[in-house]
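Q: Here's the letter readout for the chains.
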Amino acid sequence: DTGVSQDPRHKITKRGQNVTFRCDPISEHNRLYWYRQTLGQGPEFLTYFQNEAQLEKSRLLSDRFSAERPKGSFSTLEIQRTEQGDSAMYLCASSLETDIQETQYFGPGTRLLVL
Amino acid sequence: GESVGLHLPTLSVQEGDNSIINCAYSNSASDYFIWYKQESGKGPQFIIDIRSNMDKRQGQRVTVLLNKTVKHLSLQIAATQPGDSAVYFCADPPVGGSTLGRLYFGRGTQLTVWP
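Protein chains in written order, with our numbering: chain A, 1 to 115; chain B, 1001 to 1115.
Calculated directly from the structure, the hints in this document are not laboratory data. Glycine included, C-beta positions come from ideal geometry on N, C-alpha and C. Watch out, some of these pointers could steer you wrong.
[Said to hold, decoys possible] In silico SDA-like cross-links for lysine to any residue, where the CA-CA straight-line distance does not exceed 20 Å:
1) 1042(B) - 2(A)
2) 1042(B) - 9(A)
3) 1042(B) - 10(A)
4) 1042(B) - 22(A)
5) 1042(B) - 3(A)
6) 1042(B) - 14(A)
7) 14(A) - 78(A)
8) 1042(B) - 40(A)
9) 1042(B) - 39(A)
10) 1042(B) - 38(A)
11) 11(A) - 1040(B)
12) 1042(B) - 24(A)
13) 1042(B) - 108(A)
14) 1056(B) - 108(A)
15) 1042(B) - 26(A)
16) 1056(B) - 22(A)
17) 1042(B) - 8(A)
[As the list claims (entries may be wrong)] Among the chain B residues that face chain A by a calculated CB cut under 7 Å, a handful are:
18) 1043
19) 1044
20) 1057
21) 1089
22) 1102
23) 1105
24) 1106
25) 1107
26) 1114
Using the sequences and the accompanying hints, generate a full structural model.
A: Below you can see the structure in the form of structure tokens.
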């Protein structure tokens, strides 16, 4: 257990529905990342926050995806009008910015299945 | 970033043998690499990292070797155990010399340890 938690661990939804995932990072970590992982592939970067500011978004993050980190602690990732291609593992990671290096600690992920 | 790739999708070893997992990268400006281990149903777990000013770094039963001449790094696991069975990823941050920010992952090598 890395200290990063995600909820729910599994989600099954029908195409067209909205879903929201939550990530609770390690408490003192100021950076929070979202990644998506499909079967047989490595995680792909989606977006990241430094405190409450969303600093970077991947082009993978279509306008149906939105992420927030309102108080600089937990974060939510919402997918609107889900499509079957959204089926994947959604991973959250957190890190503490230092002058030397940064290690990202991953949560267990939320596995999404869109029917 | 976006330059790492793993050589073999699968590797099978006998318990007690040493394992070597390889990773190649294409961008000579990449200066920091991280190895992650991902067990089934879990998020990636940090194993060890290495900066480009080093050729070798050792951890507990793991050693990472970096050959900048041929842009290749390897993860060596000594006395492989069944608990080492997992997918192993090499990852690097974006080009630019920073250790911070998003990670780019290769496709992963599935290590299977048989008795």
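Q: Given the hinted pair residue 11(A) and residue 1040(B), is their Cα-Cα distance within 20 Å?
A: holds, 17 Å
Q: Between residue 1042(B) and residue 22(A), is the straight-line Cα distance small enough, at 20 Å or below?
A: holds, 16 Å
Q: Going straight from one Cα to the other, do residue 1056(B) and residue 22(A) come out at no more than 20 Å?
A: violated, 38 Å
Q: Does the interface hint hold: is residue 1102(B) within less than 7 Å of chain A, judged Cβ to Cβ?
A: With Cβ-Cβ at 4 Å, under 7 Å, it holds.
Q: Is residue 14(A) close enough to residue 78(A), meaning Cα to Cα at most 20 Å?
A: holds, 15 Å
Q: Does the structure keep residue 1042(B) and residue 2(A) at a Cα separation of 20 Å or less?
A: Holds, at about 11 Å.
Q: Tell me if the straight-line CA distance from residue 1056(B) to residue 108(A) falls inside 20 Å.
A: violated, 30 Å
Q: For the hint on residue 1105(B), just tell me whether its beta-carbon gets within less than 7 Å of chain A.
A: holds, 3 Å
Q: Just to be careful: measuring from the Cβ of residue 1043(B) to every Cβ in chain A, is the smallest value less than 7 Å?
A: holds, 3 Å
Q: Hey, residue 1042(B) versus residue 38(A), does the alpha-carbon distance stay inside 20 Å?
A: holds, 13 Å
Q: The hint names residue 1114(B) as touching chain A; please verify it with the least Cβ-Cβ distance against 7 Å.
A: violated, 21 Å
Q: Taking 20 Å as the top limit, are the C-alpha atoms of residue 1042(B) and residue 26(A) close enough?
A: With a Cα-Cα distance of about 17 Å, the restraint between residue 1042(B) and residue 26(A) holds, given a limit of 20 Å.
The structure shown violates the earlier hints numbered 6, 14, 16, 20, 26.
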